[in-house]
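Visitor: Sequence:
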Amino acid sequence: MIRMNDSELISQIASGNMNAFAFLVNRYQKLVVHIAGRIIQRQDELEDVCQEVFINVFRHLGKYRNESKLSTWIATIAYNTSINYLRKHKKWDEVNPDDSMALRNLTDFRTESYETTDLHKYVREQIEMLPVHYRTVLTLFHLEEFSYEEIEQITGMPEGTVKSYLFRAKALLKEKLKFVVDEDSLKLVKEISHEK
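Counting from 1, one number per residue, gives the positions in the sequence shown under this note's numbering.
Calculated from the structure, these hints are not laboratory results. Some clues are possibly wrong.
[As the list claims (entries may be wrong)] In silico DSS-like links for lysine-lysine, alpha-carbon gap of 27 angstroms or less:
(1) 163 / 121
(2) 121 / 30
(3) 174 / 121
(4) 176 / 88
(5) 88 / 174
(6) 121 / 176
(7) 170 / 121
(8) 176 / 69
(9) 174 / 163
(10) 30 / 69
(11) 69 / 121
(12) 176 / 63
(13) 121 / 88
(14) 176 / 163
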């Protein structure tokens, strides 16, 4: 299929072109997996949730009014579908951040467990252990490069809360990294790729 912009894709899907929808899924699959994967951490559940996200995208595509970027609109559906799944199937406390509990959950960097070259792996593992909203805003801001305003739209959290979660998430990671790396190495957080 020729390269289409989002408006053309939506128009093609509305006229019944299922190849266009497959193309849309392909275009936004990585985004959906990144967002859902920060919330739903079991691979088998993640696949089901991602499928549900695209079912919801297809069902509600007629309601998309081009008031935001399509990526933001799809990210919102991915976030809401994932959070709803978590609330339905998991303990509620996974959805509510607790800094003291989060810090206890994070592990210290031990050279016998990790080589220095495994620092990326270590940081990824620590991000996975953060409260769900912390790791989600880290992903949206650093990995997907959404603005604060877009993250507010995606998550429904006020911009101040987004900034607070982002600050607290980085502070928790910094606390665990302070004896291992210098200040500049905390830029690793931004470089972390989402690998399952």
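Visitor: Give a verdict on every hint.
Guide: Status of each hint after checking the structure:
| no. | hint | verdict |
| --- | --- | --- |
| 1 | 163 / 121 | holds, 25 angstroms |
| 2 | 121 / 30 | holds, 20 angstroms |
| 3 | 174 / 121 | holds, 15 angstroms |
| 4 | 176 / 88 | violated, 32 angstroms |
| 5 | 88 / 174 | violated, 32 angstroms |
| 6 | 121 / 176 | holds, 14 angstroms |
| 7 | 170 / 121 | holds, 16 angstroms |
| 8 | 176 / 69 | violated, 36 angstroms |
| 9 | 174 / 163 | holds, 16 angstroms |
| 10 | 30 / 69 | holds, 16 angstroms |
| 11 | 69 / 121 | violated, 32 angstroms |
| 12 | 176 / 63 | violated, 44 angstroms |
| 13 | 121 / 88 | violated, 30 angstroms |
| 14 | 176 / 163 | holds, 20 angstroms |
Hint violations for this structure: numbers 4, 5, 8, 11, 12, 13, all remaining hints satisfied.
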